[in-house]
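Colleague: Each chain, letter by letter, is given below.
Number of protein chains: 2
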Amino acid sequence: MTEMSRESLTIVDCTLRDGGYHTNWEFGRSLVEEYLAVCPRLGIDVVELGYVRFTANRAGPYGQLPKGLTANLRTALPTDHRLRFAAMVDAEDFACVPGAEAGRRLAEKLATGALPVDVVRIAVRYDKMAAVAEAVAAVRDAGFRVCLNLMQIDLASTREVVQCLAATRDMGSLEALYLADSLGSLTPARTIELVSAFCAGQAAPVGIHAHDNQGLALHNTQVAIETGARWVDGTVHGMGRGAGNTRTEQLLVLLGSGPDELQPLLDLIVRHFHPLMEDYRWGASGLYVLAGLHRIHPTYVQRIERNATLGPEEKLRAMAFLAGSAAHRFTVDTLDYALGSIRD
Amino acid sequence: MTEMSRESLTIVDCTLRDGGYHTNWEFGRSLVEEYLAVCPRLGIDVVELGYVRFTANRAGPYGQLPKGLTANLRTALPTDHRLRFAAMVDAEDFACVPGAEAGRRLAEKLATGALPVDVVRIAVRYDKMAAVAEAVAAVRDAGFRVCLNLMQIDLASTREVVQCLAATRDMGSLEALYLADSLGSLTPARTIELVSAFCAGQAAPVGIHAHDNQGLALHNTQVAIETGARWVDGTVHGMGRGAGNTRTEQLLVLLGSGPDELQPLLDLIVRHFHPLMEDYRWGASGLYVLAGLHRIHPTYVQRIERNATLGPEEKLRAMAFLAGSAAHRFTVDTLDYALGSIRD
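Chains A and B are the protein sequences, given in the same order. In terms of the UniProt record's numbering, the first sequence has 243 at position 243, counting the first letter as 1, and numbering is strictly consecutive. In terms of the UniProt record's numbering, the second sequence has 192 at position 192, counting the first letter as 1, and numbering is strictly consecutive.
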């Protein structure tokens, strides 16, 4: 594939949601207003605004939607825009509310914001789908389009993929079913294998949400599209958890956007996102490549990279400990053990 | 293509040469020793050590080979290594020496270094090949294998590509003929078009030297291989001029290397190259994407990005000036005009 036709694709920009892992979901007002003004000019179809949660926590406004969704944002958008808006729910958050009530509660919450969210993306580990089935139905019954983002899907065995797809079929209509490369470990070959299985094994359009630990986010997104994926995620300048995501600007270049079309996005990057990158340092690094290869959860790497007291040798020793610990899930205890291992 | 067979490929790592644009070709002794010790373990075929020049200038040792090639480096290598070594000559440097003497002079120079350079890569703009024909013959006659790296090839029209390939055929045997994406502007479609023409139009193996302005370096390298390219360049952690190059570690992942094989390289990155990246900040940024789209010479961007007195709006205005100036070549005057335009 070279430049790809984009008419058949739904392009989701999830900068505010996935990028929030670096800023604790705080974003400056002018950044968000300029971002929203730019998205319709690029051919973005869906903007994911952040997380919506059933319980209060310490996340900033875009981690607790509809906080942050002010009338100013609505007026920042051109009146004839055709953007749709999405919010993500972490499956574990459904534990805080009876499944049958999830839809109504979400609808009530999101109705108080100034932007009309109609897509709810549920992030769930691929082997935990049974736990969210009731909530999925309730969210759909409340009038939302539901996407499932299957986290850590690269860890799934062939048998587990089959089970997962069977569970999906039992859930009824989905807007999209996503492979989420949470650990940044997908290779192109594995992406093709999984997208093929997802396309063949259920009815919903297949999506890909890639992370860039190994510089393969764009590449995996491209082979996913070639294999039949129709929903694709990007973030501005790649801003996202850990090593970050497929870069929206690069995805658009690949899809044929020219300099004039991209200029407002590149302006936005130079004004707002590159300075953020200088502070938060997402992007492929040696540690993130290691994390991808050993399927280590990205939060370990974010914590280790930001720890100014650690030198390179100490970071490598901590990563070696985690590589030997099947550290797919983040726990503070495991991080403490890993940091303790440095001194052993 | 997914994971690719690598037996048919010649992998060139040109970190010390292309990365030298950031450090003025100064590299610490332990970095180079560890780098050379690691390369044979990765399946790298050729290590490009730096530039060799006919005149003294202000470049550090790896910009003036054989300076820097100490006996220590030789002893850093495992005794059974099968690496070959390359040096690059800038075509403009041939102006300092009669073409017929170029080979003998290079042979004399390089013979005084501790590592046996047998590949000479001549970097020449695609439309200046006539000027180096005599020197190419002389370098080959002196016993070197000669690669031609055709700079800024993306600017060539169809007619110019045809002329360029005809000139190549007249030059006799070449070790490889490279597409060099000097401006970081190649798209996958254009890469396929050019590699196809290069493969069909002359006898030498085709190579690709990619820059990562638009995050497409790895991607372009991959489609080049699929289309028939057999020599591929990478640099450790992407360290190279402007936005940098295809990352050797990511290329190796794509070619099927696993965690154990890559560990020494990732150690090297964490110890040496990631700290350098923190200082020199190569890698895709908004300005480099702009430069790629508008085919602006990377030196402008390096200078603008490093200018601490410029804010984002000023950088954008300077880039807009350069975009309107067909700034494929770097001149200090044009940079001055661009910086002057900020105040107009």
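To be clear, the hints were calculated from the coordinates, so they are not data collected in a lab. Do not take every clue at face value.
[What the hints assert, rightly or not] Some chain B residues judged to face chain A by a derived CB distance under 8 Å, without partners named:
no., residue
1, Gln214
2, Gly215
3, Arg247
4, Val253
5, Leu255
6, Val270
7, His274
8, Leu276
9, Leu290
10, His294
11, Leu316
12, Arg317
[As the list claims (entries may be wrong)] Below, a sample of chain A positions facing chain B; criterion: calculated Cβ distance under 8 Å:
no., residue
13, Gly60
14, Arg104
15, Leu165
16, Gln222
17, Arg247
18, Glu249
19, Gln250
20, Leu255
21, Ile269
22, Val270
23, Gly283
24, Gly286
25, Leu287
26, Leu293
By construction, the Cβ of each residue, glycine as well, lies at the ideal position given by its N, Cα and C atoms.
Colleague: Could you run down the list of hints and mark each one as holding or not?
Modeller: Here is how each hint holds up against the structure:
no., hint, verdict
1, Gln214, "holds (5 Å)"
2, Gly215, "holds (4 Å)"
3, Arg247, "holds (6 Å)"
4, Val253, "holds (5 Å)"
5, Leu255, "violated (11 Å)"
6, Val270, "holds (4 Å)"
7, His274, "holds (5 Å)"
8, Leu276, "violated (12 Å)"
9, Leu290, "holds (5 Å)"
10, His294, "holds (6 Å)"
11, Leu316, "holds (6 Å)"
12, Arg317, "violated (11 Å)"
13, Gly60, "violated (23 Å)"
14, Arg104, "violated (42 Å)"
15, Leu165, "violated (22 Å)"
16, Gln222, "holds (7 Å)"
17, Arg247, "holds (6 Å)"
18, Glu249, "holds (6 Å)"
19, Gln250, "holds (4 Å)"
20, Leu255, "violated (11 Å)"
21, Ile269, "holds (3 Å)"
22, Val270, "holds (4 Å)"
23, Gly283, "holds (7 Å)"
24, Gly286, "holds (3 Å)"
25, Leu287, "holds (6 Å)"
26, Leu293, "holds (4 Å)"
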